[in-house]
Amino acid sequence: EMQVVESGGGLVKPGGSLRLSCAASGFTFSEAWMSWVRQAPGRGLEWVGRIKSKIHDETTDYAAPVQGRFSISRDDSKNMLYLQMNSLKTDDTAVYFCTTLTILTGYYPPCFGDWGQGILVTVSS
Amino acid sequence: QSVLTQPPSVSGAPGQGVTISCTGSSSNVGAGYDVHWYQQLPGTVPKLLIYGNSNRPSGVPDRFSGFKSGTSASLAITGLQAEDEADYYCQSFDSTLSGYVFGTGTQVTVL
Numbered sequence: 056e057m058q059v060v061e062s063g064g065g066l067v068k069p070g071g072s073l074r075l076s077c078a079a080s081g082f083t084f085s086e087a088w089m090s091w092v093r094q095a096p097g098r099g100l101e102w103v104g105r106i107k108s109k110i111h112d113e114t115t116d117y118a119a120p121v122q123g124r125f126s127i128s129r130d131d132s133k134n135m136l137y138l139q140m141n142s143l144k145t146d147d148t149a150v151y152f153c154t155t156l157t158i159l160t161g162y163y164p165p166c167f168g169d170w171g172q173g174i175l176v177t178v179s180s
Numbered sequence: 539q540s541v542l543t544q545p546p547s548v549s550g551a552p553g554q555g556v557t558i559s560c561t562g563s564s565s566n567v568g569a570g571y572d573v574h575w576y577q578q579l580p581g582t583v584p585k586l587l588i589y590g591n592s593n594r595p596s597g598v599p600d601r602f603s604g605f606k607s608g609t610s611a612s613l614a615i616t617g618l619q620a621e622d623e624a625d626y627y628c629q630s631f632d633s634t635l636s637g638y639v640f641g642t643g644t645q646v647t648v649l
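As they're listed, the protein sequences go chains Y and E.
Position in the first sequence (first residue = 1) + 55 = this note's numbering.
Position in the second sequence (first residue = 1) + 538 = this note's numbering.
Careful, some of the hints might be misleading.
A few chain Y residues facing chain E, derived, Cβ under 7 angstroms [said to hold, decoys possible]: (1) Y162; (2) C166; (3) W170.
In case anyone wonders, no lab produced these hints; they're calculated from the structure.
The structure displayed is predicted, hence computed values, not measured ones.
Every residue, glycine too, gets a C-beta built ideally from N, C-alpha and C.
With the hints as constraints, model all of the structure from the sequences given.
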């Protein structure tokens, strides 16, 4: 069974940093494109960023609100995905979901396949 | 603010049908990018409901159907059931933003 489990959330002050981790199991992690999606309290879904697989050069892309502040990385030897968040703002308060990206033959973009339960990040003084 | 606009809420009586629109532009849906739909039941994580505009993953009832035309897409739910009360989101890609985008979300209420 495919599973992703987030950890590392919590309370951080504005301007601070936090690193989220995502442990993957039940699928060939090294071949997977992975992504982070967030959801602010009572709000909708917002894509944060994506990292491709090693065969695709582990290319990363980010949403404009987090570009230059957030960084996604992966450790295929440990089946782990990471989200490094720097210069955090109160607007970054949200539940962060680790997700797989399913590449669909004949369709673009990929869709978000398996989701973790999410981890809460609260940015407040 | 999302570049994919959905109505904040729709409602219908049990057994009736509702349609949720997802309105984009020439840089996303209108550019030919495909649309996926997700269902988020209260207190749960989103689940893929429709992929590639109109395809249902295994296990999704055929009461759910998707359609795309021009700069918009839509999700139709027929034979509404109480268990369909949830938030629904469309998703695509935007070439101007160079990233994946979600719709603003629609809350479906079964009266």
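Okay, the hints, checked on the actual structure:
1. Checking Y:Y162 against chain E: minimum C-beta separation of about 4 angstroms stays under 7 angstroms; hint holds.
2. Below 7 angstroms, beta-carbon pairs count as interface contacts, and Y:C166 has one with chain E at about 4 angstroms; its hint therefore holds.
3. Contact between Y:W170 and chain E, as hinted, is supported at the beta carbon level, the nearest pair being about 4 angstroms apart and thus within 7 angstroms.
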